[in-house]
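Heads up: the sequence lines are chains A and V, in that order.
Each residue of the first sequence is one higher than the one before, starting from 123 at the first, in our numbering.
Each residue of the second sequence is one higher than the one before, starting from 641 at the first, in our numbering.
Derived by calculation from the structure, the hints in this document are not laboratory data.
Accuracy of the hints is not assured; some may be wrong.
[What the hints assert, rightly or not] Straight line, CA to CA, 30 Å or less: simulated DSS-like cross-link-like pairs of lysine-lysine:
| no. | chain 1 | residue 1 | chain 2 | residue 2 |
| --- | --- | --- | --- | --- |
| 1 | V | Lys856 | A | Lys459 |
| 2 | A | Lys314 | A | Lys266 |
| 3 | A | Lys455 | A | Lys318 |
| 4 | A | Lys266 | A | Lys125 |
| 5 | V | Lys856 | A | Lys510 |
| 6 | A | Lys502 | A | Lys577 |
| 7 | A | Lys502 | V | Lys856 |
| 8 | A | Lys455 | A | Lys503 |
| 9 | A | Lys318 | A | Lys328 |
| 10 | A | Lys459 | A | Lys125 |
| 11 | A | Lys346 | A | Lys249 |
| 12 | V | Lys907 | A | Lys503 |
| 13 | A | Lys249 | A | Lys266 |
| 14 | V | Lys856 | A | Lys455 |
| 15 | A | Lys388 | A | Lys455 |
From a predicted model like this one, the values you see are computed outputs, not experimental measurements.
Below are the chains, spelled out letter by letter.
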Amino acid sequence: MNKPLILTLAGLTKRFGEVIANDAIDLTLHQGEVLALLGENGAGKTTLMNMLFGHYTPDAGYVEIICEDGTPLRLPPGQPQAAIDARIGMVHQHFTLAENLTALDNILLGSESLLSLRRHRRAARAKIEGLMQDSGLIAPLDEKIGALSVGERQRVEILKALFHDARVLVLDEPTAVLTPQEADSLFVSLRKMVDKGLSVIFISHKLHEVLAFSDRIAVLRHGKKVGELITADADKNQIATLMVGEETALPEREACDVGDPVLELKSVTVRRENTRNSLNDVSLCVRAGEIVGVAGVSGNGQSALAQVISGLERPDQGGIAVAGKVMPAPTPKGMIKAHVGRIPEDRHHDGVVGSMTVAENLIIERLDAPDVQTRGFLRKKRIAEHAKELVQAYDVRGPGIEARAALLSGGNIQKLILARVLEQEPLVILANQPTRGLDFGAAGEVARRLMEARKRGAGVVLISEDLDEVLSLADRIVVMHDGQLIEADTRDRAAIGLLMAGQAA
Amino acid sequence: MVIEPRGNISRGVQMAIPVIAALVALGLAALPLAFAGAPVLEAYKQMFIGVFGSVFSFTEMLTRATPLIFTGLAAALAFKARLWNIGAEGQLYLGAMGAVAVGSGLIDGPAVLMIPLVMIAGAAAGAAGMLGPAILKTRFGADEVVTSLLLNFIILIFVQMMLEGPLKDPMSMGWPQSEPILDNAALPQLIPRMRIHMGLIVALVAAVIAQIALTKTTWGFKIRAVGENAAAARHAGINVNRTLLGVACISGALAGLAGVSEVAGLKGYLTTDLSPGYGYSGIVVAMLAGLSPMGVVIAALYVASVFVGADSMSRAMGVSSYLADLVVSMSLLSVLIGSFFARYRIRFAGKAGASQ
Numbered sequence: 123m124n125k126p127l128i129l130t131l132a133g134l135t136k137r138f139g140e141v142i143a144n145d146a147i148d149l150t151l152h153q154g155e156v157l158a159l160l161g162e163n164g165a166g167k168t169t170l171m172n173m174l175f176g177h178y179t180p181d182a183g184y185v186e187i188i189c190e191d192g193t194p195l196r197l198p199p200g201q202p203q204a205a206i207d208a209r210i211g212m213v214h215q216h217f218t219l220a221e222n223l224t225a226l227d228n229i230l231l232g233s234e235s236l237l238s239l240r241r242h243r244r245a246a247r248a249k250i251e252g253l254m255q256d257s258g259l260i261a262p263l264d265e266k267i268g269a270l271s272v273g274e275r276q277r278v279e280i281l282k283a284l285f286h287d288a289r290v291l292v293l294d295e296p297t298a299v300l301t302p303q304e305a306d307s308l309f310v311s312l313r314k315m316v317d318k319g320l321s322v323i324f325i326s327h328k329l330h331e332v333l334a335f336s337d338r339i340a341v342l343r344h345g346k347k348v349g350e351l352i353t354a355d356a357d358k359n360q361i362a363t364l365m366v367g368e369e370t371a372l373p374e375r376e377a378c379d380v381g382d383p384v385l386e387l388k389s390v391t392v393r394r395e396n397t398r399n400s401l402n403d404v405s406l407c408v409r410a411g412e413i414v415g416v417a418g419v420s421g422n423g424q425s426a427l428a429q430v431i432s433g434l435e436r437p438d439q440g441g442i443a444v445a446g447k448v449m450p451a452p453t454p455k456g457m458i459k460a461h462v463g464r465i466p467e468d469r470h471h472d473g474v475v476g477s478m479t480v481a482e483n484l485i486i487e488r489l490d491a492p493d494v495q496t497r498g499f500l501r502k503k504r505i506a507e508h509a510k511e512l513v514q515a516y517d518v519r520g521p522g523i524e525a526r527a528a529l530l531s532g533g534n535i536q537k538l539i540l541a542r543v544l545e546q547e548p549l550v551i552l553a554n555q556p557t558r559g560l561d562f563g564a565a566g567e568v569a570r571r572l573m574e575a576r577k578r579g580a581g582v583v584l585i586s587e588d589l590d591e592v593l594s595l596a597d598r599i600v601v602m603h604d605g606q607l608i609e610a611d612t613r614d615r616a617a618i619g620l621l622m623a624g625q626a627a
Numbered sequence: 641m642v643i644e645p646r647g648n649i650s651r652g653v654q655m656a657i658p659v660i661a662a663l664v665a666l667g668l669a670a671l672p673l674a675f676a677g678a679p680v681l682e683a684y685k686q687m688f689i690g691v692f693g694s695v696f697s698f699t700e701m702l703t704r705a706t707p708l709i710f711t712g713l714a715a716a717l718a719f720k721a722r723l724w725n726i727g728a729e730g731q732l733y734l735g736a737m738g739a740v741a742v743g744s745g746l747i748d749g750p751a752v753l754m755i756p757l758v759m760i761a762g763a764a765a766g767a768a769g770m771l772g773p774a775i776l777k778t779r780f781g782a783d784e785v786v787t788s789l790l791l792n793f794i795i796l797i798f799v800q801m802m803l804e805g806p807l808k809d810p811m812s813m814g815w816p817q818s819e820p821i822l823d824n825a826a827l828p829q830l831i832p833r834m835r836i837h838m839g840l841i842v843a844l845v846a847a848v849i850a851q852i853a854l855t856k857t858t859w860g861f862k863i864r865a866v867g868e869n870a871a872a873a874r875h876a877g878i879n880v881n882r883t884l885l886g887v888a889c890i891s892g893a894l895a896g897l898a899g900v901s902e903v904a905g906l907k908g909y910l911t912t913d914l915s916p917g918y919g920y921s922g923i924v925v926a927m928l929a930g931l932s933p934m935g936v937v938i939a940a941l942y943v944a945s946v947f948v949g950a951d952s953m954s955r956a957m958g959v960s961s962y963l964a965d966l967v968v969s970m971s972l973l974s975v976l977i978g979s980f981f982a983r984y985r986i987r988f989a990g991k992a993g994a995s996q
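So here's chain A without its partners, still in its complex pose (with noise of 0.2 Å):
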């Protein structure tokens, strides 16, 4: 390759106890590439970018960066202020914002001065509107990251990088959390950068995007270094085999009688000084049988309308009926007991309560059950067989279910939770975002899932930003625009990427 190094791994391991997280990864970088790692869930990508940045100490290996001189420069284990002042910027998936600033503050954040009194902060909008311009991502400086959506604060981490010159830039699973289109003039703009000579290391899962993208990937799995490849000559086939080890197919449609109505919402209205908490007049009619997907760029009611559908928000106005039944005031409870499972879109804020066990968060939604607890005390031999149950039957792998959940990798504790609202056969189930930042295997295994419910009856409400998991798994596909639903009439992606931009197809 005639690019010239900028960076090189060698030999990087890292242990966990007694799981090899890394095993030995060798990886190079050359300048102005684009190098995509690929792996899935677990499969150590992370840990690796972990100690490219000085987050963990490696216990074997090093990093070596190629300063703008041509001298190298090998990187103290174990410190993200030496990575930084190499220029290393890096995006983590779950982001390292404070929510109480504002935009512009956050990307200032650690690179101003304590000592200085002046704020210059003229000169780095400006720098800052500059990248924006440059880049197409646009967020609002002026807000608290609080009130941005979770695109918009990933546009803001990247800015971040950006703003402090980084030479070679880490996305951990950039993709995750945007719409295709938003994606794609991701793509764009880091093509720009990437043309000025930046280097990029991205992780994802998607396939695609990974050969769009990419000049070259590197495989792992199981910690290992699997496979590397120039993107050109790689074909699709060949790199999922790599990764997950064997083939693996979507699930197959099959067609389902659609019954009565499990779920309907009528004209509800939810007013919220931010809009994209508010719904406006929302009407939705979920039968039994149906997949009903609400496609939508993030930040135009979804959350609202999964609050709304959990019992955690009060409409102002319309009514909630489940199964036919009139909600009049819906709490979560009265939402579980009405057998409305749910799926949260943060499932590590709001699905499980991470110092608890396994075991613990199997059972929280049904304390008040006969098998959980008698006369308040709880059934501990009980719950853990049953929890041994559920872990084998949903395949939730981590420590042991007296571990605490925290402890267990995204995908396994997505399993958690879909095996705690499956197993109570509910009648509507609302999954938001239920793959986002999952892998093939474990993606794989929640459209499985939610294909089985759908199956046995139970109406599906998919609230996703990911179009093709849309198009795919959805019977139905509505899309969610500031507030409002509109019935997507069509199956054809630049239809229903209009109506997300709120344009009539």
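Start from chain A and add chain V according to the hints.
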């Protein structure tokens, strides 16, 4: 210098931290002792004798530990739910006042009736004291740290007012104190001629019940879930506000029982110097115990030992008994530092690139 998290912490290490921290704090007390010009070893000896030297001194320590167990439990349970009850001191006085109001002649009856009645009155008064801040928190999002803390001073002044007015003992020759608790409403002594009283038994029973409730019941499950992740608890259908209000009542009731135990078991009548800050010490006890109810018992015994031991040392050696506060504070700091080092390690790296 780099701070990095360690992996899993073993249970043994977790248990060892407070013990080591307590010993370190006691050891560090040598510095101020030496500074005060006292012979250090002799001082430690006096401290030891002050607690373990005789049956009397040992029971004195247990007597001192009794209110600390109550207030420690009050703090531990509330903190477990992330309800920061800093108002145990005020709730203690409310409890004492409740006990005095019912038990000093308003009604009379046999001890089997009066003792539970006095306890219920005190517990209810204490519960009411924490219910206010909890309602303000759940309804309006008012910070319970501020409200419960400030309420302490309001309650103390209120007690003062009552002792000057309606509750004043006409036989007290002008001293601001309440009428004495009736004999059949007083908590009986456990050992003749010693001050140790039934309050200790009640406290130990309360600790056992709290331990069981926290670890083995759905109620305890809810408290832990709400404390660890209120958003997930709410999503899972747990009524977060109701759980918090319940915890507030129990926490306040336990602090109230501390007041009942002091006034009906020890002092016999209510004055405004009933408690030398047991409510605040209870917070330290709970933190030393890592919020575990059974741990509270041990931590309360430790803190009481330091107080009683330091008292006897101060009498024998002529050093200030404030040393006890110093040791207790250092113990808490040591525990906090100790648990920090259990969770993180600090690595000193040389110049960039020098360390491998």
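> Is the straight-line distance between the alpha-carbon of Lys502 (chain A) and that of Lys577 (chain A) 30 Å or less?
Replying inline: violated (33 Å)
> Would the pair Lys856 (chain V) and Lys510 (chain A) pass a check requiring their Cα atoms to be no farther apart than 30 Å?
Replying inline: holds (19 Å)
>> Does Lys455 (chain A) sit within 30 Å of Lys856 (chain V), going by the straight-line distance between their CA atoms?
In response: Measuring from Cα to Cα gives roughly 22 Å; hence the hint holds.
>> With the threshold set at 30 Å, check whether the alpha-carbon distance from Lys459 (chain A) to Lys125 (chain A) stays at or below it.
In response: Given that 30 Å is the threshold and the Cα spacing comes to 61 Å, the pair is violated.
>> Next pair to validate is Lys249 (chain A) with Lys266 (chain A); report whether the Cα-Cα distance is within 30 Å.
In response: With a Cα-Cα distance of about 19 Å, the restraint between Lys249 (chain A) and Lys266 (chain A) holds, given a limit of 30 Å.
> For the pair supplied as a hint, Lys314 (chain A) and Lys266 (chain A), is the alpha-carbon distance within the 30 Å limit?
Replying inline: holds (28 Å)
> Is the hinted pair Lys388 (chain A) and Lys455 (chain A) satisfied, with a Cα-Cα distance of at most 30 Å?
Replying inline: holds (21 Å)
> Given the hinted pair Lys266 (chain A) and Lys125 (chain A), is their alpha-carbon gap at most 30 Å?
Replying inline: violated (41 Å)
>> Please verify whether Lys907 (chain V) and Lys503 (chain A) have alpha carbons no more than 30 Å apart.
In response: violated (47 Å)
> Is Lys502 (chain A) close enough to Lys856 (chain V), meaning Cα to Cα at most 30 Å?
Replying inline: holds (8 Å)
> Hey, Lys455 (chain A) versus Lys318 (chain A), does the alpha-carbon distance stay inside 30 Å?
Replying inline: violated (54 Å)
>> Can you confirm whether the C-alpha distance between Lys346 (chain A) and Lys249 (chain A) stays at or below 30 Å?
In response: Judged against 30 Å, a Cα distance of about 40 Å means the pair is violated.
Checked against the numbered hints given earlier, this structure breaks hints 3, 4, 6, 10, 11, 12; the rest are met.
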